[in-house]
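Asks: Assemble the complex: chain A is given as a structure, and chain B must be docked to it using the hints.
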Amino acid sequence: MSHTIDVAYVAGLARLALSADEKCTFQQQLETIVKYVEKIGELDLSGIEPTLHGQSLVNAFREDVVVPSMDRERFLANAPERNGFEFKLPKIVEDA
Amino acid sequence: MNILKLTLCEAAEGLRKKAFSSVELTREVLDAIEKKDGELNAYLSVDAEGALRQAAAADAARQSGRDHALLGVPVGIKDLINVEGQPCTCASKILQGFTSTYDATVSARLREAGAVFAGRTNMDEFAMGSSTEGSAFKVTRNPHDLTRVPGGSSGGSAAAVAGGEAIAALGTDTGGSIRQPSAFCGCVGLKPSYGRVSRYGVTAYASSLDQVGPMTKTVEDAAVLLQALAGRDAHDGTTLDVPVPDYRAALRGGLKGLRIGLPKEYYVEGSDPEVMACVRKAVDACAAAGAEIVEVGLPHTEYAIAVYYIVATAEASANLARFDGVRYGHRTPRPDSVFDLYAKSRADGFGTEVKRRIILGTYVLSSGYYDAYYGRAQKVRTLIRQDFAEAFKQCDVMFTPVAPTPAYRIGEASNDPLKMYLGDIFTVPANLAGICGISVPCGKTAAGLPVGLQVLGPAFGECAILRAAYAYEQEVRA
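Respectively, the protein sequence lines represent chains A and B.
First residue of the first sequence: 1, per my numbering; consecutive thereafter.
First residue of the second sequence: 1, per my numbering; consecutive thereafter.
Worth flagging that the hints you see were computed from the coordinates, not collected in a lab.
Where is the CB? At the ideal position from N, CA and C, for every residue including glycine.
Among the hints, a few may not be true.
[To be verified] Straight-line C-alpha distance at most 27 Å; calculated DSSO-like pairs for lysine-lysine:
#	chain 1	residue 1	chain 2	residue 2
1	B	K419	A	K91
2	A	K35	B	K419
3	B	K379	A	K39
4	A	K39	B	K264
5	B	K5	A	K23
6	B	K5	B	K35
7	A	K88	B	K93
[Said to hold, decoys possible] Okay, the calculated beta carbon distance ranges per label pair:
#	chain 1	residue 1	chain 2	residue 2	range
8	A	P90	B	P299	27 to 35 Å
9	A	V65	B	G257	29 to 37 Å
10	A	E42	B	G97	29 to 37 Å
11	A	E42	B	R252	43 to 51 Å
12	A	P90	B	E112	38 to 46 Å
13	A	F61	B	R252	31 to 39 Å
14	B	T352	A	R74	46 to 54 Å
15	B	G448	A	E63	55 to 63 Å
16	B	V268	A	G12	41 to 49 Å
17	A	Q27	B	G411	47 to 55 Å
18	A	I92	B	A318	16 to 24 Å
19	B	R280	A	L52	32 to 40 Å
20	B	K264	A	E42	15 to 23 Å
21	B	S207	A	K91	28 to 36 Å
[Claimed, not checked] Short, incomplete list of chain A residues facing chain B, as computed with Cβ under 8 Å:
#	residue
22	I5
23	D44
24	V66
Looking at chain A on its own, in the form it has when it is part of the complex:
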């Protein structure tokens, strides 16, 4: 496993703008942390099933019945910008 982390690339995947200072600090800290967690590479894990959840749950089913949803106004109450009953966003589609 590699210890070089391309912090700028990963930050892009995470949709997170980082300052030059943050990139530099995180680079060093994350490489230390990743080197530490690579300890799990020592173990022979052939035949071991992964644990996906805290308990061995399979599926949680419920009756397929219609129940009232929360009022629309509650979802919009904390919107940074809104337009009537819509969340307002900057333009997404570029001009032709």
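Replies: This is chain B only, laid out in the frame that chain A set:
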């Protein structure tokens, strides 16, 4: 009334006997916050008006014949649990100004029982941290030594309960965030088994690990509060349809015949000698009182921190994707594009530890690394679960330290993330295995800092840990 000493059960008794009203009790709590919180910084916000209104309603309900152990009792709520009409910042700038528009299931259950929501307690931002220094707003101080941290991430709840600013509080525990601050501040904190308590309406950090639980002055108080929280919730598909036992009734089993396991990997060199001496003393006293002590093994303990910081950060990176400046929370002014809107809103809003964990979590999930990190970590998690399943064949509960050190000084560990992470070694395995645990005070260091005894039980073994912790607290410690 002395809020510092008053337990939840005593408060309930006082209300029942009409020694005081809920309005009087709530005023006492609000006064205590007013007097002390300038120093402790346990609360992020206080809803005096709302609390007094709820208290008056509780008094009226009692007058008309209603009764419940929590009716009219004020509680503190960690600031990542939604309570309708109150702020819910998760101690993050990204949620500054956010007001909850619905109750989390745990809040709804407390509201139904008649509890009063006095205020919102401080925490590490998005519950990521072990000292509450990661709050974007204030640094909470340990009531036993104001130069030291209260632990974290539920440090505000622990400091409020231990410092006489709350009768009881709710915390959340993803890798020790209820138990470790309880140990650092000298109160009782219970992390329920995964699936025991609903997380609906609780801001998610690591969804396969998070649990909500009580932080109180006594083990009996923890049992009473857990009773109100536990049970299946249709809004949270990870809650199990397992009957909720009478936790208070379970307290009375005593120590005779109880098999207490000591996992040998938790009793190695490296922990603070004073902490270990307090834990050893508790074990010896329980043995003298009739418990059977058994040495057990948890051979994969040394991998727990590595597994935890892969699984937790991976899940956090996905959970925190919802904070994008679109529907709620901070939005950067005048973004150039949608990408810019996301990236800058998140950059402005998140603090350093949250960013660090998002980057680490995104990295371990990224193409080419998924199997090596997340995939392997989930398999090692299976080994850790199997360790506990095997060990619990030989014992009913386990006794361990909660943390390798007592509370450290503010600023002492906050610049070295890995060092801070390693302090979680005795608490994260319970979250990885989905089992339950409780922290109960077991003495103090020479400097007067509290030490916590951790009692671990199997999944849905809350009765066993409450019995053991109560017997220790009532029969042995006193």
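Asks: Going through the earlier hints one by one, which of them does the structure break, listed in rising order?
Replies: 1, 5, 8, 9, 10, 14, 17, 23, 24
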